[in-house]
Amino acid sequence: MLSYALRRIAGLVPTLLVLVTLSFFIIRLAPGGPFDQEQALTPVVRANLDAAYGLDQPLPVQYGRYLAGLARGDLGPSLRYKDYRVGELIGRGLPLSLTIGLSAAALAFIIGVPLGALAAWRRDSLATRLLVNFTMIGVVLPAFVVGPLLALVFGIYLPVFRVAGYEPGDPAYLVLPVITLALPVAAYVTRLTRDSMGEVLETNYIRTARAKGLPPRLVLFRHALRPALIPVVSYLGPAVAFAITGSLVVESVFVLPGSGRYLVQGAIDRDYPMVMGMILVYGVFTLACNLIADLLYGWLDPRVRVA
Amino acid sequence: MTARMRIAIVVLCVVTGLALLGPLLTPWDQVALDWDHTAVAPQWATSHWLGTDRMGRDLFARGMQALRISLALGVLATLISVCIGVTWGAVAGYVGGRVDALMMRFVDIVYALPYVFIVIILSTLLPRGSLAGLFIAIGAVGWLTMARIVRGQTLSLRRREFVTAAVACGVRTPAILWRHIVPNVLQSVIAYATLTVPQVILFESFLSFLGLGVQEPYASLGSLINDGAQEMESSPWMLLVPAALLVLVLGAFSVLGDALRARVRARDD
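Protein chains in written order, with my numbering: chain A, 58 to 364; chain B, 46 to 314.
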């Protein structure tokens with residue numbers, strides 16, 4: 058198990074390197090630069106700015122410097138927010154983004170697993186069929202559609218929750234963003250659980266458990282649930298990764314001061330280190346989530362480790 | 046054919062027809078400003094079937110123009126991703142060995158990167174608002190799953206007798222791929238391509254929602270939703286109209302794709 062884990066962690070290094078290299082060169086190919094403004098700078102000022110940030114050097118030199126900075130844990134200076142390091146800015150918004158992303162993922166599984174199990178158990182009831190159709194829609198709906206609609210209904214027609222802004226410590230601002238983000242994940246988890254639970258319920262040992270007269274609830278939760286959860290667990294990694302990156306969207310919908318705005322604004326402003334930093338931080342989170350889920354899976358199912 | 050699938054096809058036909066015929070169905074141009082009727086709700090009297098936005102632009106005209114962009118982009122970017130994915134997967138699966146390992150390793154690595162970021166980086170590459178750029182950016186990342194599916198099928202096709210026969214007759218590798226492998230994977234490719242279209246549309250709308258995609262004076266469902274969300278308190282239809290259009294199109298494509306995929310799977314078993 059340990060060697061499997063180490064092998065997987067070592068496999069992340071080339072992936073990260075490709076991520077850094079690709080994004081470094083692609084974003085510099087983009088037309089326009091960080092100092093193009095409405096009012097053109099004088100050539101001298103421009104040259105001084107470029108020199109101060111090392112942008113006058115050839116690309117390979119800039120790339121080498123960036124990698125060296127990364128090795129020291131430095132994401133570089135922001136070209137837009139003067140006197141700030143990229144690390145500082147992202148670090149400031151990250152706790153909120155992670156709170157939203159992780160709560161949404163947790164909520165999705167808390168809702169999705171029991172619903173899916175029930176749907177498999179009561180396969181033919183009207184409620185189940187409605188639920189299945191609802192999850193079909195839920196998977197399709199993007200956060201930037203659900204968010205404004207929820208805000209319209211629960212923020213304006215029935216003013217229960219806050220629809221924009223944030224005050225630290227007040228959960229009323231976070232309810233709608235978290236629900237928005239959790240909905241598609243919950244819908245997908247429901248479908249996954251329903252399908253795998255459906256398969257498990259057909260097996261012989263479940264029939265045996267039923268035949269010997271165990272109460273249905275016991276059969277469902279003690280015998281069927283655990284094996285049915287394996288595919289659900291393997292979705293855990295992608296789900297958390299989706300929720301963390303998806304947080305960018307709901308932050309923009311609900312005007313929350315998370316770190317998401319830095320990515321989009323950075324891309325528009327050509328703030329190279331900012332975009333790189335965001336991609337790297339979120340890339341690491343995504344890869345880490347997938348890795349943890351894979352390890353969890355390897356622990357549940359020993360056959361995986363050999364492959 | 047299930048009832049669900051039939052509904053999806055009908056919805057798609059109606060939506061596509063409306064999008065294409067849009068300019069004939071309304072007297073308003075998508076950029077025309079009707080200063081006498083700004084932010085009015087849907088009404089018959091002024092022919093603003095779906096209302097207007099804050100500048101008095103007709104929402105029906107803008108919505109249909111956005112649909113045309115979304116559908117065209119969805120189909121074209123999917124075609125790009127099909128071409129790359131099928132070629133990549135068929136070559137990797139057929140040639141095998143070290144080439145296969147290398148090609149699929151590349152796919153694995155790009156796969157591990159968050160899709161959103163690749164598209165955002167690629168979209169910064171292009172002059173803002175360039176539609177051709179959007180096609181390429183989205184098509185360039187959509188082919189990964191396609192390559193995996195095609196490679197898997199090619200691996201098993203390669204060992205079939207008709208391929209061996211072709212090799213024995215001296216048919217050259219590109220011809221084998223084109224004439225014997227590709228036609229046999231086409232069904233799965235079509236099923237998966239149907240699922241790629243809504244993903245592409247979703248991505249375009251998402252980028253436009255963030256302000257990185259389609260630019261004024263053109264509208265995208267994403268940018269219309271963003272505009273509508275600013276005004277939803279006073280004029281909810283500005284949000285509801287584009288949201289409904291987007292959900293309708295995405296839903297219909299997903300239902301259709303799911304059904305096709307289930308069919309291919311049933312045949313393979």
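In case anyone wonders, no lab produced these hints; they're calculated from the structure. Careful: at least some of the hints might be erroneous.
[What the hints assert, rightly or not] Pairwise CB distance ranges, derived in the manner of DEER restraints:
{"id": "1", "chain 1": "A", "residue 1": "LEU155", "chain 2": "B", "residue 2": "THR83", "range": "37 to 43 Å"}
{"id": "2", "chain 1": "B", "residue 1": "ASP79", "chain 2": "A", "residue 2": "LEU155", "range": "52 to 58 Å"}
{"id": "3", "chain 1": "B", "residue 1": "LEU65", "chain 2": "A", "residue 2": "THR78", "range": "49 to 55 Å"}
{"id": "4", "chain 1": "A", "residue 1": "ARG122", "chain 2": "B", "residue 2": "GLU261", "range": "36 to 42 Å"}
{"id": "5", "chain 1": "B", "residue 1": "TRP80", "chain 2": "A", "residue 2": "ASP227", "range": "56 to 62 Å"}
{"id": "6", "chain 1": "B", "residue 1": "SER201", "chain 2": "A", "residue 2": "MET58", "range": "52 to 58 Å"}
Note that CB positions come from ideal geometry on N, CA and C, so glycine has one too.
Is it true that the C-beta distance of B/SER201 to A/MET58 lies inside 52 to 58 Å, as the hint says? At roughly 32 Å between Cβ atoms, A/MET58 and B/SER201 fall outside 52 to 58 Å, so the hint is violated.
Starting from the hint 36 to 42 Å, judge whether the C-beta atoms of A/ARG122 and B/GLU261 obey it. 38 Å, holds
Indicate whether the distance between the beta carbons of A/LEU155 and B/THR83 respects the range 37 to 43 Å. 42 Å, holds
Could you say whether the range 49 to 55 Å given as a hint is met by the Cβ separation of B/LEU65 and A/THR78? 43 Å, violated
Using the Cβ atoms, figure out if B/TRP80 sits within 56 to 62 Å of A/ASP227. The hinted range 56 to 62 Å is violated for B/TRP80 and A/ASP227, with Cβ atoms some 42 Å apart.
Regarding B/ASP79 and A/LEU155, is the given constraint of 52 to 58 Å on their beta-carbon distance met? 46 Å, violated
Going through the hint list in order, the structure does not satisfy hints 2, 3, 5 and 6.
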